Every structure is written in C-alpha cells, then in structure tokens.
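Participant: Sequence lines, in order, name chains A and B.
Take any residue in the first sequence, count from 1 to its spot, add 35: that is its number in my numbering.
Take any residue in the second sequence, count from 1 to its spot, add 587: that is its number in my numbering.
Bear in mind the hints are in silico, worked out from the structure with no lab data behind them.
Because the structure is a prediction, the values reported are computed rather than measured.
Some clues are possibly wrong.
Quick partial rundown of chain A residues pointing at chain B, CB under 10 Å, derived from the structure [stated by the list, open to error]: (1) ALA136; (2) MET140; (3) GLY142; (4) PRO148; (5) VAL149.
Restricting the straight-line Cα-Cα distance to at most 25 Å, the calculated cross-link-like pairs of lysine to aspartate or glutamate (DMTMM-like) are [stated by the list, open to error]: (6) B/LYS633 - B/GLU592; (7) B/LYS633 - B/ASP705; (8) B/LYS674 - B/ASP621; (9) A/LYS104 - B/ASP717; (10) B/LYS627 - B/ASP709; (11) B/LYS728 - B/GLU695; (12) B/LYS738 - A/ASP116; (13) A/LYS104 - B/GLU737; (14) B/LYS738 - A/GLU112; (15) A/LYS104 - B/ASP698.
C-beta: ideal position from N, C-alpha, C; glycine also.
Below are the chains, spelled out letter by letter.
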Amino acid sequence: MLQRIVRWSRKKSPWILHLNSGACNACDIEVVAALTPRFDVERLGVLLRATPRHADVIIATGPVTRQIKDRIIRIYEQTPDPKFVIAVGACAMSGCVYRGAYNIMGGLDQVIPVNIYVPGCPARPDAILDGVVKLLGTL
Amino acid sequence: MNDTEIIEKARTLLGDKILEVSNPAVRRIFLKVDSKDLLKAVEVLKNDLGFAYVATISGLDSGESFEIIYHFGNAFSQLNLRTQVPKTDPHVESICPVIPGAILYERELQDMFGLVVDNIPDPRPLILPDGWPAGNYPLRKDWKYERPPEKIPGGKP
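Bound-form chain A, shown alone (with noise of 0.2 Å):
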C-alpha cells in the first residue's frame, strides 16, 4: 500500500535538477522554455529544484567537459535513489560538434547511466516534455 502511494506520489510530482555540464546554452533555453508559463509543466506537478538532494530527475545538457566531469559523478551520488538522469541535447547524446574535441567526454553515458536520450540541437521543449513523460511512463 505504502509502496503504491510512493509510486504515485513520484509519477504525479517528480522533482528535477537542471544541470548543465557544458552546454553552449541552447539546450538549457529550451529546458527554461518548458518550465515557463507557454508549455508550463508546474501544472503537471514538475518541480525545479535548486539542488540535487531534492531532486528526482536530473536533466542534464552538454558534452560533459572534462573539467565538470568528477563534479557530475558528485552530483549523480548526491541524488537520492532512485534517480532517473535525462540526457537533453545531440551533446549530451554523443558529443555533436564537440565530438573528438580533447577536453570532452563525449557524451553524459560516458561517466553516469542515463535513462532517457532527447535528441535535437537545441531539442524543443515539446521533445524533452516528451522525453520527462516517456521515463514516467517506466516508473
């Protein structure tokens, strides 16, 4: 019973981290677009939360930058479980134009597990509230 109110707390209410792991900010526009009042997704029950220890879903953009890289693994051990990581972006799928470049990883699946790939450069909000509503479909 406990278990099932859990489970519907979570779907109805997830609570998400918008992380940016060296994005060149178009990605993170298109997030803050669909947090906004034009697609709004707070009347969903999506939250923004400000640090990681509150949040269920991390939505993380960029190529991840070898600089950022130990920081995102600090932040991904932060959240507590379970945690569902969203990768927002061709950056954040494989690279995109930084691909091969020496100071990326290549990918936000290179140093965490990631549940959900948007892809698209920038994505469009409708494609990344699309993403948050197939990973809630899993749930």
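Given chain A's structure and the hints, the job is docking chain B onto it.
Facilitator: What follows is chain B alone, placed relative to chain A:
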C-alpha cells in the same frame, strides 16, 4: 597621431631593437622585436606611445619556433608586436611588470603551448582541466589526441 608618426616615434625610441616593421593597412602596424628586447619594447610602447591596452596575446606554432603576438591598441591605431622564440628553448619574458593584466594571457600561453614565461607572478595552470597530464600542450602542431574508446551502454546493436 597617424601611423607614420607612430612608426617614426617607435624607430627613434627603440632604434635597432626593431627587426621588422610594416604597415599593411590603415591603422594596423606590425612590429617585430627580439625576445630579449620584449620588455623594453612594451615599456616604450606603453609609456611613450600610449599603447596601454593589450587586447590579447596569441601564440603561433610555426614548425621550428613559436611566434608570440601581442595585440596592442591605443586611441589611433592597432599595433601587433611580434617576437619569436625557438622551440627547443621556449622562454619568453613576462610583460606583467609593465602591464599587470597580461597575466591571464601568459598563463594561457603556458597551458596551451608549453612556453615558459619567465618572472610570471603566478604560474598556475589556467584553462586546462584538473588532472590534465603534464607535458601535453594542445595547440602545438605535433600534439596528437588519442580519443579513449567509447563506452556504448547496452552494447552495439
């Protein structure tokens, strides 16, 4: 003060320290000095010709030697001060005693080219990530980057 006046004044003040001088376009002056005379030249440029603003310092790997280009500006003109150091002994004097703000560019030069800037007030690495292996200088032409094998979660289909 126009370009010819600036060049004339630089010639009188620096004399035979100037190795080459050219004026390829209006408001663009190229000067070349030996790396030993660099600090003196920068001092003269700043105090007597008003070139107090350093836009940036760029490095150039031209095979056997490094070329270092100091981009100066004053109210009338842009001036590029060039100097050359051999790759086997890449030492260049810091210009921080004259222009303290140049330290960021000099630290970047040390990071990216492996130049040794003598008498730099703060020689810590600036832009390369933490734990970068020593002796790797990304902007050298002979430096090759080996990408580590990529992890594919779930394996290749």
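Participant: Next step is simple, just say for each hint if it's right about the structure.
Facilitator: Hint check:
1. ALA136: 8 Å, holds
2. MET140: 9 Å, holds
3. GLY142: OK, holds: A/GLY142 within 10 Å of chain B, min 8 Å.
4. PRO148: 7 Å, holds
5. VAL149: 7 Å, holds
6. B/LYS633 - B/GLU592: Measuring from Cα to Cα gives roughly 16 Å; hence the hint holds.
7. B/LYS633 - B/ASP705: 20 Å, holds
8. B/LYS674 - B/ASP621: This hinted pair holds, its Cα atoms lying about 15 Å apart.
9. A/LYS104 - B/ASP717: 10 Å, holds
10. B/LYS627 - B/ASP709: Given that 25 Å is the threshold and the Cα spacing comes to 21 Å, the pair holds.
11. B/LYS728 - B/GLU695: Since the Cα atoms of B/LYS728 and B/GLU695 sit roughly 16 Å apart, the hinted pair holds (cutoff 25 Å).
12. B/LYS738 - A/ASP116: Roughly 24 Å between the alpha carbons, so the hint for B/LYS738 and A/ASP116 holds.
13. A/LYS104 - B/GLU737: 15 Å, holds
14. B/LYS738 - A/GLU112: 20 Å, holds
15. A/LYS104 - B/ASP698: 20 Å, holds
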